[in-house]
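A.B. asks: Sequence:
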Amino acid sequence: MIYSEFIVADAPKEINIDFSTRDLISRNIAEPTPKCFDEAQKLIYSLMAKDSFPRFLKSEIYKKFINTQQVGSHKRWLPFL
Numbered sequence: 001m002i003y004s005e006f007i008v009a010d011a012p013k014e015i016n017i018d019f020s021t022r023d024l025i026s027r028n029i030a031e032p033t034p035k036c037f038d039e040a041q042k043l044i045y046s047l048m049a050k051d052s053f054p055r056f057l058k059s060e061i062y063k064k065f066i067n068t069q070q071v072g073s074h075k076r077w078l079p080f081l
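When we follow full-length UniProt numbering, the leftmost residue of the sequence shown carries the number 1, and every step to the right adds one.
These are computed hints drawn from the structure, not numbers from a lab.
Possibly wrong hints are sitting among the right ones.
Below, computed lysine-lysine pairings styled on DSS-like, alpha-carbon distance capped at 27 Å [to be verified]:
(1) 13 <-> 35
(2) 58 <-> 35
(3) 63 <-> 35
(4) 58 <-> 42
(5) 50 <-> 64
(6) 13 <-> 50
(7) 50 <-> 63
(8) 64 <-> 35
Bear in mind that the values here come from a model prediction, so they are computed numbers and not experimental data.
Build out the structure end to end from the sequences listed, making use of the hints.
C.D. replies: Okay, structure coming up:
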């Protein structure tokens, strides 16, 4: 179950969400709907966009990958960068 694996405090694969989001999901899980995890999804996407992905783009492994993709070509793999 998603809730016990990722949402509940101290879950085996606990995701990084704030208390209010976790509390909202905990209250809604009693009568779950297809949208009961939407707030967690928005929060995680936001964290990825503002923190994880920018750090990845600056990482050595990503820079090495980009360099291997650009050898012999002027076209960028991610043209928006």
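A.B. asks: If a hint holds in the structure, say so; if it does not, say that too.
C.D. replies: Here is what the structure says about each hint:
| no. | hint | in the structure |
| --- | --- | --- |
| 1 | 13 <-> 35 | holds (21 Å) |
| 2 | 58 <-> 35 | violated (34 Å) |
| 3 | 63 <-> 35 | violated (37 Å) |
| 4 | 58 <-> 42 | holds (24 Å) |
| 5 | 50 <-> 64 | holds (22 Å) |
| 6 | 13 <-> 50 | holds (21 Å) |
| 7 | 50 <-> 63 | holds (19 Å) |
| 8 | 64 <-> 35 | violated (39 Å) |
Hints 2, 3, 8, counting from the list given before, are not met by this structure.
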